[in-house]
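Engineer: Starting from the given sequences, assemble the full structure and let the hints guide the process.
Here is how the chains run, residue by residue.
There are 2 protein chains.
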Amino acid sequence: MKLGELTERLFIEGVLRNYLGKRPPFSRLGFPDDAVDFLPLAPRIVVSVDASSIASVKLPWRSLGDAAWAIATGAVSDHIAKGSRPAYALVSLGLSPDLDLSEAKAIVRGLSEAFNYYGVSWVGGDTNSSRDPWISVTMIGFTTAKRPPPRSGARPGDAVVVTGRYGAMGYVALRGVEEASRTTWVVEKTRRPLVDVRVGTVIALNYKSIHASMDVSDGLGFTIMEISRLSGVGFRVEKPPLVFKEVYELCEGRLQCLYELSLNGGEEYGVVMTVSKEGLGNVVEDLESYGVEYEVIGEVVEGSGLKLEGVNKVAIYGWDQFGGYVKSA
Amino acid sequence: MKLGELTERLFIEGVLRNYLGKRPPFSRLGFPDDAVDFLPLAPRIVVSVDASSIASVKLPWRSLGDAAWAIATGAVSDHIAKGSRPAYALVSLGLSPDLDLSEAKAIVRGLSEAFNYYGVSWVGGDTNSSRDPWISVTMIGFTTAKRPPPRSGARPGDAVVVTGRYGAMGYVALRGVEEASRTTWVVEKTRRPLVDVRVGTVIALNYKSIHASMDVSDGLGFTIMEISRLSGVGFRVEKPPLVFKEVYELCEGRLQCLYELSLNGGEEYGVVMTVSKEGLGNVVEDLESYGVEYEVIGEVVEGSGLKLEGVNKVAIYGWDQFGGYVKSA
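Just so you know, the protein sequences line up as chains A and B, in that order.
For the first sequence, this note's numbering gives the first residue as 1, with consecutive numbering after it.
For the second sequence, this note's numbering gives the first residue as 1, with consecutive numbering after it.
Hints are computed from structural coordinates only; laboratory data are not their basis.
Owing to the predicted nature of the structure, the values given are computational and were not obtained by experimental measurement.
Be aware that one or more of the hints could be misleading.
Since the list gives no way to pick one copy over another, a pair counts as held whenever it fits inside one copy or between any two copies.
[Stated by the list, open to error] In the EDC-like style, the derived pairs of lysine to aspartate or glutamate whose C-alpha atoms are separated by at most 20 angstroms in a straight line are:
{"hint": "1", "residue 1": "58", "residue 2": "132"}
{"hint": "2", "residue 1": "208", "residue 2": "278"}
{"hint": "3", "residue 1": "58", "residue 2": "103"}
{"hint": "4", "residue 1": "327", "residue 2": "13"}
{"hint": "5", "residue 1": "239", "residue 2": "309"}
{"hint": "6", "residue 1": "327", "residue 2": "5"}
Structural biologist: Structure, rendered in structure tokens:
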């Protein structure tokens with residue numbers, strides 16, 4: 001059955017509403033109202049919106065549910081990098097009337113599985129007709145941090161801390177989708193990207209010493225270049241971030257190879273943060289105590305751009321929604 | 001120049017950022033961060049998301065800017081009906097790389113003009129590539145009301161108050177887009193729909209006596225049927241809402257004609273509220289003191305559905321995103 005035959009109303013009432021979470025405490029509005037209401041769970045409210053056409057995240061080995069999961073994860077990631085605990089999601093969906101109900105259900109289920117995994121309650125949204133299906137996730141979070149770290153706050157002397165493991169999406173970007181689809185570990189690591197929400201807690205606890213922070217949604221190299229550009233500083237990188245063990249094997253220890261695979265990619269959803277020298281000890285202690293995967297890869301310096309120690313220049317590409325892959329360094 | 005040639009980055013930095021408003025007070029994040037942060041402006045926070053493909057609101061006499069205005073107005077309207085003052089907007093845009101920069105600018109300008117008109121600050125968002133361009137507006141508002149009125153709270157005995165003027169979009173729905181495009185007053189009244197934000201203040205002030213409230217985005221008849229269905233009550237309507245003077249002339253006073261044109265349509269963005277008998281005097285006094293256009297059209301009764309006094313049955317259609325126009329009564 002196609003959505004056009006089912007009608008929007010029956011899709012909302014028969015499918016979507018089953019995935020909606022409980023209303024926030026003391027809330028009075030919710031499904032099927034056009035808006036949701038809540039009282040703040042922490043002094044500062046953080047809101048983001050992160051959207052994508054489904055086609056653009058639909059790697060061949062991702063099901064529609066996997067693609068939806070990836071989009072929901074991207075929305076969570078924006079909060080983590082700012083020290084915010086994501087709490088409530090509103091989802092705006094553009095689906096084609098020609099879409100099979102089973103496919104629409106797979107999309108909704110993928111979103112719901114991701115929200116459940118991250119402890120986010122899906123509280124509302126909007127459905128629309130679109131010939132090029134898309135998902136826009138509005139995420140509402142809360143933070144106790146008085147100053148959530150922006151992209152633009154890096155200062156010379158800061159240590160550069162990178163959370164997460166890299167190299168799988170770099171493999172896709174550099175070797176192509178064809179070869180990646182035959183490489184089991186790449187498929188496994190990229191099917192449903194994950195965010196470590198504990199990183200957000202560490203950032204909220206250490207906001208005074210974390211001068212800049214940005215999530216790695218468009219590639220680690222691109223992320224570093226963005227912080228560099230917006231902060232008016234340079235980055236000296238002395239070692240690669242953590243990579244998957246298959247990347248170590250593949251690179252046979254060659255630094256150039258490790259940088260190429262870890263700096264390119266996207267959707268890794270680790271965080272790049274720059275931390276004052278005085279604050280680094282506490283940040284590292286907190287990351288360790290939560291068991292977060294991280295590496296201190298270098299430091300912020302005067303100047304601009306990214307200098308990699310011990311290797312030739314590594315080309316870095318970023319994804320541009322209108323222009324496709326563009327070189328950023 | 002096409003967006004694909006310009007790149008997303010230059011579109012954001014060269015065009016979009018010029019339309020962003022000031023950061024909220026005490027905010028630390030904002031353009032170009034992925035999230036915005038703010039402190040609450042009133043005890044209760046209200047968030048909605050309202051999206052649309054541009055094609056679906058692009059009446060032939062609407063420019064792209066008018067279409068964008070209409071979508072922004074729809075997002076404001078959801079707040080007004082809940083007694084919320086809309087304050088901050090995040091806009092998720094899906095635009096085609098083939099779109100001319102001038103057209104993209106017209107869309108952004110239309111959104112910005114609407115937000116300025118309603119006193120909303122455009123604080124962030126997301127840009128995406130889409131072959132079927134769309135706009136999703138996340139609106140954040142605040143209310144002092146302890147219980148914002150839901151769709152589902154109508155009680156027998158309540159008076160039915162309808163704000164706004166009707167008939168122009170009914171003309172489009174019943175006579176068709178062709179004839180409407182040759183009818184000057186219809187074109188003028190529907191090009192850029194307007195919401196009266198003072199209605200939201202009246203609702204916040206009178207939340208104790210306003211049992212149900214819903215904005216008229218999909219037609220007045222459909223709105224009444226929705227409140228009826230969700231509240232488990234019926235509506236007895238004794239007179240039509242306010243209509244444009246051209247509708248009175250057109251109908252030559254015939255009640256059937258007045259109901260047909262006022263109950264069908266959409267995007268009128270008035271509000272239907274049901275008000276306790278005891279509270280009606282205060283609500284009317286507040287609406288009068290603000291100069292809001294309204295009519296008390298009838299009352300809520302036991303039972304279900306919509307009974308129009310003095311006329312035969314009037315067919316009511318609602319817009320279904322997947323199914324198109326569907327009959328709701």
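Engineer: Could you run down the list of hints and mark each one as holding or not?
Structural biologist: Hints, verified against the model:
1. 58 - 132: Classified as both; 13 angstroms inside a copy, 17 angstroms across copies.
2. 208 - 278: Answer is within; shortest intra-copy Cα gap is 10 angstroms, inter-copy 54 angstroms.
3. 58 - 103: For residue 58 and residue 103, only the intra-copy Cα distance (13 angstroms) is at most 20 angstroms; the inter-copy one is 28 angstroms.
4. 327 - 13: between (46 angstroms within a copy, 17 angstroms between copies)
5. 239 - 309: within (8 angstroms within a copy, 79 angstroms between copies)
6. 327 - 5: Answer is between; shortest inter-copy Cα gap is 14 angstroms, intra-copy 45 angstroms.
The structure is consistent with each of the numbered hints, conforming to all of them.
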